[in-house]
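Put together the whole structure using the sequences plus the hints.
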Amino acid sequence: MAGRQAAFEPLVEKYQRSVFFTALRFLKNQEEADDITQKAFLRAYQALGSFRFESSFKTWLTTIAVNLCKNVVRGQRIMVEVPETLSDGSVERRKEEEETGDRKSQLKKALENLPERQKEVVMLRIYEEMPFKKIAEVLESTETAVKVNFHHAMKSLKEWIQ
Amino acid sequence: MKPEFWNQQKQQIMESIRDLNEYGALIEELKALDSGLQDPGELFFARERRAIMKQIAEEPQTTKITRSWQYFAKPLLAMAAVLILALTLQFDFFNRPGGNQREWLATLQTLQETGWFEEDRDLPLEELSDQELDKLAYNLAGKIDFSGSTVDEDLDLPDLQDDELDVYIKFLETKVGRGT
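Sequence order for the protein chains is A and B. All residue numbers for the first sequence refer to the working numbering, where the first residue is 1 and numbers rise by one. All residue numbers for the second sequence refer to the working numbering, where the first residue is 1001 and numbers rise by one.
Hints are computed from structural coordinates only; laboratory data are not their basis. Cβ atoms here follow ideal geometry from the backbone N, Cα and C, with glycine treated the same way. Hints may contain errors.
[To be verified] So the derived list for chain B, only partly shown, Cβ under 7 Å to chain A, looks like this:
1. Gln1008
2. Leu1030
3. Phe1045
4. Arg1049
5. Met1053
6. Ile1056
[What the hints assert, rightly or not] In silico DSSO-like cross-links for lysine-lysine, where the CA-CA straight-line distance does not exceed 30 Å:
7. B/Lys1010 / A/Lys147
8. B/Lys1031 / A/Lys39
9. A/Lys28 / B/Lys1054
10. A/Lys158 / A/Lys108
11. A/Lys58 / B/Lys1031
12. A/Lys158 / B/Lys1031
13. B/Lys1031 / A/Lys109
14. A/Lys14 / B/Lys1031
15. A/Lys155 / B/Lys1054
16. B/Lys1010 / A/Lys155
17. A/Lys108 / A/Lys28
18. A/Lys70 / A/Lys158
19. B/Lys1054 / A/Lys39
20. A/Lys108 / B/Lys1031
21. A/Lys158 / A/Lys28
22. A/Lys104 / B/Lys1031
23. A/Lys58 / A/Lys39
24. A/Lys133 / B/Lys1031
25. A/Lys104 / A/Lys70
26. A/Lys58 / A/Lys108
27. B/Lys1031 / A/Lys147
28. A/Lys119 / B/Lys1054
29. B/Lys1054 / A/Lys70
30. B/Lys1031 / A/Lys70
31. B/Lys1054 / A/Lys14
32. A/Lys58 / A/Lys70
33. A/Lys28 / B/Lys1031
34. B/Lys1010 / A/Lys58
35. A/Lys39 / A/Lys158
What follows is the structure in structure tokens.
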């Protein structure tokens, strides 16, 4: 058992940053990204026996992390659903920011407003620099679907910031 | 070719180049957004690594045991269920009219293949009484056609009891699901 742990530590060291930043991009919160990173490695350790070498270890680990992030995001979405009548002016404030904001913040907002799947594809493609094939593996989708999502995302982003 | 054609071609190519440039610029802009992410630093990652390794060390050794338990227990449970069922029914089943060893084995095989011995199936065979099991196996062996055409044409559904009907419907669903 101790041997297994020792063998696992270099893997943690090698991929820790990558997993952490993937989670941070998804969750925008360092504490949560830290939590997800720890959970992802623990899950990977537990399931190492079932790793089939059909993808690279990094792709497999990223899949675990992305799925964990998606669960968190889903949970957050349920939590933030409040009646519109209870608006505290934040909507108006956001609108104002949008009007006065610079291109960078506009782009950030546009990225945030993309449908979930498109956002995931853009993040993995642009920030993780993953090939479409690997993205398809991580998101348990097909390469064509991933390409279509990426194309739609770029089109929407372009339209949004114009 | 007419000059209009070439002009049109040129226009299309220029548009494509413009699109490509815009696309490239957008990707660069998106990449620049990422630079806003703060690197928490090596100390943070060292602490995180320690936390991960601590959790792994605390991970009960059952991880391996659970895996091997799952690996061996499922087929063992299925075999045990088959044996219990066989022992329960062997004394009088083969003497029943319409029942024979071949059908009986085919029934058991189907039960295994269709996953009825798995833990999460709806009808708990081990909870049925000996009599119920006997009747169920008898009905299945007598009424289900294993040659591939799913059912005996003479099968009279109203004759089946609730449990039997349940098993029968599940059998059909599985057959349909497997495309047979």
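Now for the hints, and whether the structure bears them out:
1. About 24 Å separates the beta-carbon of B/Gln1008 from the nearest beta-carbon of chain A, more than 7 Å, and the hint is not met.
2. Look at B/Leu1030: its Cβ gets to within about 5 Å of chain A, closer than 7 Å, so that hint holds up.
3. Taking 7 Å as the C-beta contact cut-off toward chain A, the hint placing B/Phe1045 at the interface holds, the least distance being around 6 Å.
4. Given hint, B/Arg1049 at the interface with chain A, holds; its Cβ is 6 Å from that chain's nearest Cβ, closer than 7 Å.
5. About 6 Å separates the beta-carbon of B/Met1053 from the nearest beta-carbon of chain A, less than 7 Å, and the hint is met.
6. A distance limit of 7 Å between C-beta atoms decides the matter here; for B/Ile1056 the minimum to chain A is near 5 Å, and the interface restraint holds.
7. A hinted pair counts as satisfied when its Cα atoms are at most 30 Å apart, and B/Lys1010 with A/Lys147 qualifies at roughly 28 Å.
8. Under the criterion of a C-alpha separation no larger than 30 Å, the hint pairing B/Lys1031 with A/Lys39 is consistent with the structure, at around 27 Å.
9. At roughly 26 Å between alpha-carbon atoms, A/Lys28 and B/Lys1054 fall within 30 Å of each other, so this suggested pair holds.
10. About 12 Å separates the Cα atoms of A/Lys158 and A/Lys108, which keeps this hinted pair within 30 Å; it holds.
11. Between A/Lys58 and B/Lys1031, the direct Cα distance comes to roughly 21 Å. Compliance with the 30 Å bound is thereby established for this hinted pair.
12. Restraint check for A/Lys158 and B/Lys1031: the C-alpha separation of about 15 Å stays at or below 30 Å, so the hint holds.
13. The suggested pairing of B/Lys1031 with A/Lys109 holds, with an alpha-carbon distance near 15 Å, which does not exceed 30 Å.
14. This hinted pair checks out: A/Lys14 and B/Lys1031 have alpha carbons roughly 23 Å apart, not beyond 30 Å.
15. As the CA atoms of A/Lys155 and B/Lys1054 are separated by approximately 45 Å, the hinted pair breaks the 30 Å bound.
16. Of the supplied pair hints, the one linking B/Lys1010 and A/Lys155 holds, its CA atoms being roughly 23 Å apart against a limit of 30 Å.
17. For the given pair, A/Lys108 sits about 12 Å from A/Lys28 by alpha-carbon distance, which is consistent with the 30 Å threshold.
18. Between A/Lys70 and A/Lys158 the alpha-carbon distance is near 25 Å, which keeps this suggested pair within the 30 Å criterion.
19. Restraint check for B/Lys1054 and A/Lys39: the C-alpha separation of about 12 Å stays at or below 30 Å, so the hint holds.
20. At roughly 11 Å between alpha-carbon atoms, A/Lys108 and B/Lys1031 fall within 30 Å of each other, so this suggested pair holds.
21. The straight-line distance between the Cα atoms of A/Lys158 and A/Lys28 is roughly 23 Å, inside the 30 Å bound, and the hint therefore holds.
22. Using a Cα cut-off of 30 Å, the hinted pair A/Lys104 and B/Lys1031 holds, with the two alpha carbons roughly 11 Å apart.
23. For the suggested pair A/Lys58 and A/Lys39, the alpha carbons sit about 15 Å apart, so the restraint of at most 30 Å is met.
24. Proximity of A/Lys133 to B/Lys1031 is assessed by CA-CA distance (about 20 Å); at most 30 Å being required, the pair is judged to hold.
25. As the CA atoms of A/Lys104 and A/Lys70 are separated by approximately 25 Å, the hinted pair is consistent with the 30 Å bound.
26. A threshold of 30 Å between alpha carbons decides the hint, and for A/Lys58 with A/Lys108 the separation of about 27 Å falls inside it, so the pair holds.
27. Proximity of B/Lys1031 to A/Lys147 is assessed by CA-CA distance (about 19 Å); at most 30 Å being required, the pair is judged to hold.
28. For the given pair, A/Lys119 sits about 34 Å from B/Lys1054 by alpha-carbon distance, which is inconsistent with the 30 Å threshold.
29. Proposed proximity of B/Lys1054 and A/Lys70 is supported: the alpha carbons are some 25 Å apart, at most 30 Å.
30. Restraint check for B/Lys1031 and A/Lys70: the C-alpha separation of about 22 Å stays at or below 30 Å, so the hint holds.
31. Between B/Lys1054 and A/Lys14 the alpha-carbon distance is near 17 Å, which keeps this suggested pair within the 30 Å criterion.
32. For the proposed pair A/Lys58 and A/Lys70, the alpha carbon gap of about 18 Å is at most 30 Å, so the pair holds.
33. A hinted pair counts as satisfied when its Cα atoms are at most 30 Å apart, and A/Lys28 with B/Lys1031 qualifies at roughly 16 Å.
34. For the hint linking B/Lys1010 to A/Lys58, the alpha-carbon distance of about 45 Å lies beyond 30 Å, and the restraint is violated.
35. Under the criterion of a C-alpha separation no larger than 30 Å, the hint pairing A/Lys39 with A/Lys158 is inconsistent with the structure, at around 36 Å.
When held up to the earlier numbered hints, the structure conflicts with 1, 15, 28, 34, 35 and fits the remainder.
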